[in-house]
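Protein chains in written order, with the working numbering: chain A, 40 to 283; chain B, 68 to 266.
Keep in mind that the hints are not guaranteed to be accurate.
As the list claims (entries may be wrong) - Distance windows between CB atoms, simulated:
{"#": "1", "chain 1": "A", "residue 1": "48", "chain 2": "B", "residue 2": "250", "range": "29 to 37 Å"}
{"#": "2", "chain 1": "B", "residue 1": "202", "chain 2": "A", "residue 2": "232", "range": "48 to 56 Å"}
{"#": "3", "chain 1": "B", "residue 1": "153", "chain 2": "A", "residue 2": "230", "range": "53 to 61 Å"}
{"#": "4", "chain 1": "A", "residue 1": "230", "chain 2": "B", "residue 2": "202", "range": "44 to 52 Å"}
{"#": "5", "chain 1": "A", "residue 1": "151", "chain 2": "B", "residue 2": "197", "range": "56 to 64 Å"}
{"#": "6", "chain 1": "B", "residue 1": "120", "chain 2": "A", "residue 2": "232", "range": "48 to 56 Å"}
{"#": "7", "chain 1": "B", "residue 1": "155", "chain 2": "A", "residue 2": "83", "range": "37 to 45 Å"}
{"#": "8", "chain 1": "B", "residue 1": "202", "chain 2": "A", "residue 2": "233", "range": "55 to 63 Å"}
Said to hold, decoys possible - Derived, one-sided and incomplete: chain A residues facing chain B with beta-carbon distance under 8 Å:
{"#": "9", "residue": "61"}
{"#": "10", "residue": "65"}
{"#": "11", "residue": "212"}
{"#": "12", "residue": "247"}
{"#": "13", "residue": "257"}
{"#": "14", "residue": "260"}
Derived from the structure by calculation, the hints contain no laboratory data. Heads up, the beta-carbon is just placed ideally off N, CA and C, and yes, glycines get one too.
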Amino acid sequence: MQDGLLSLASVSKSYWRGAHELRVLTDVSMEMSPGEFVAVWGKRGAGKTTLLKITAGLETPDTGTVRFAGQDLAGMSESAHARLMREQVGWVRRAGPRSDLSMLDYVALPLLVEHGQRRARSRAYDALARVGMSECAGQRWDSLSDGERALTGIAHGVVRRPRLLLVDDPTANLGVREREDVNELLRSLTGEEGLAVLMTVPGMPAAMGTDEIKVLSGGRLLAQPREPAPQTNVIEFPSWERSA
Amino acid sequence: MSAKHAVLGLVIERPGYGYQLAQRLEERFGASGFAPSGVYSALDQLARDDLVRSAGEMGAGPARRAAPRTIYEATPEGVDHFEHWMLASSPTPPLRDDLHMKISLCRPRNVPRLIDMVYGQELACLGRLRDLNRLAEEDRAGGSREWSILMRVLARDAEVAFWNARIEWLQSARELLEQLRDETDRSSVGRPAGRLRAC
Numbered sequence: 040m041q042d043g044l045l046s047l048a049s050v051s052k053s054y055w056r057g058a059h060e061l062r063v064l065t066d067v068s069m070e071m072s073p074g075e076f077v078a079v080w081g082k083r084g085a086g087k088t089t090l091l092k093i094t095a096g097l098e099t100p101d102t103g104t105v106r107f108a109g110q111d112l113a114g115m116s117e118s119a120h121a122r123l124m125r126e127q128v129g130w131v132r133r134a135g136p137r138s139d140l141s142m143l144d145y146v147a148l149p150l151l152v153e154h155g156q157r158r159a160r161s162r163a164y165d166a167l168a169r170v171g172m173s174e175c176a177g178q179r180w181d182s183l184s185d186g187e188r189a190l191t192g193i194a195h196g197v198v199r200r201p202r203l204l205l206v207d208d209p210t211a212n213l214g215v216r217e218r219e220d221v222n223e224l225l226r227s228l229t230g231e232e233g234l235a236v237l238m239t240v241p242g243m244p245a246a247m248g249t250d251e252i253k254v255l256s257g258g259r260l261l262a263q264p265r266e267p268a269p270q271t272n273v274i275e276f277p278s279w280e281r282s283a
Numbered sequence: 068m069s070a071k072h073a074v075l076g077l078v079i080e081r082p083g084y085g086y087q088l089a090q091r092l093e094e095r096f097g098a099s100g101f102a103p104s105g106v107y108s109a110l111d112q113l114a115r116d117d118l119v120r121s122a123g124e125m126g127a128g129p130a131r132r133a134a135p136r137t138i139y140e141a142t143p144e145g146v147d148h149f150e151h152w153m154l155a156s157s158p159t160p161p162l163r164d165d166l167h168m169k170i171s172l173c174r175p176r177n178v179p180r181l182i183d184m185v186y187g188q189e190l191a192c193l194g195r196l197r198d199l200n201r202l203a204e205e206d207r208a209g210g211s212r213e214w215s216i217l218m219r220v221l222a223r224d225a226e227v228a229f230w231n232a233r234i235e236w237l238q239s240a241r242e243l244l245e246q247l248r249d250e251t252d253r254s255s256v257g258r259p260a261g262r263l264r265a266c
């Protein structure tokens, strides 16, 4: 694969509630290249967030493989895996910090240990400026609008300059203008910096403007038409026939 | 909504000849099912009613032998007529869906075929959403901060939301039909199919 950044091959995942298996993902395969902007839509509980977690290495698939830049995540040591995820994959969540951090320090957090406060803050300010939020550097999360939170969350996700950004429902609760702002920002990040963005969306309008729309349906990605079933079924259902 | 008002609105936005207007109609209201030929009959009717008029002709170019094409523009009466239509109340459309009726009237032997039909419609919805996404790309090239662009985004959202709701409903329908198929398969093997009475 020449340009492949992310590859999921036949990934399946179940959760167990006692003896009951809850199948969340079934045989999911997809590829992403650098600079690609992909939206994943599905109903609530369709497995969108699980897909992101598996991609981010926060969950392990039961079967199937996840490759990042050609490397099979399952074959990596724990420390190498953690480093890869920390350095090359950014994650944008809707929830912000619970503490009283300024947005500058919140965005600087992922860099703090490695770079020290001064350099981390400098890069955090650049990231905030990149998303048009430098004026909110001194503000607290609680004081921001939903749109400002979405943009600040993206700054937090890209401050380490990852190669892949995972974004979980960034435009939930946003109006049309704010949603377009967020998508335009993500689009510009992919265009200018070669960042690949995998984004789950709460509704299809939020997927407009991406390079590719994928649909999760019953834990599977909606794909090519299947072999059509015969017009009639050999099984007969006498009781229903009578009640119909 | 009639093609007449759609065509009149497009002519008011920007004068054009029939083929151009048919293309713009398809871009803006592709899912509405207007036939391209409907543009010409709508233009004829609008012209008869003095709501549009010729604004000149566009030559077919030296390399072509086709007849010159009439460029249509709106008359003042046409603009007034459109404004009146714009401000009048819109009726709530009826929901008459072939698939709804098939599902509600289906026989058990039809279920596997219906599952495939539903799946096929899910793919068709996704195809239409991808078409709309391509149009969104063209809008984006025009600059997303202008009000006219935002209004187009909003109008597009209406269609996107329709297909979104449709695909969501289709998923629910397919899940239920698959459960029904599996349950009836089990019933037919292990015991009488009495549980199907609930359907």
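Contradicted hints - numbers only: Numbers 2, 3, 4, 5, 8, 9, 10, 11 and 14, in rising order.
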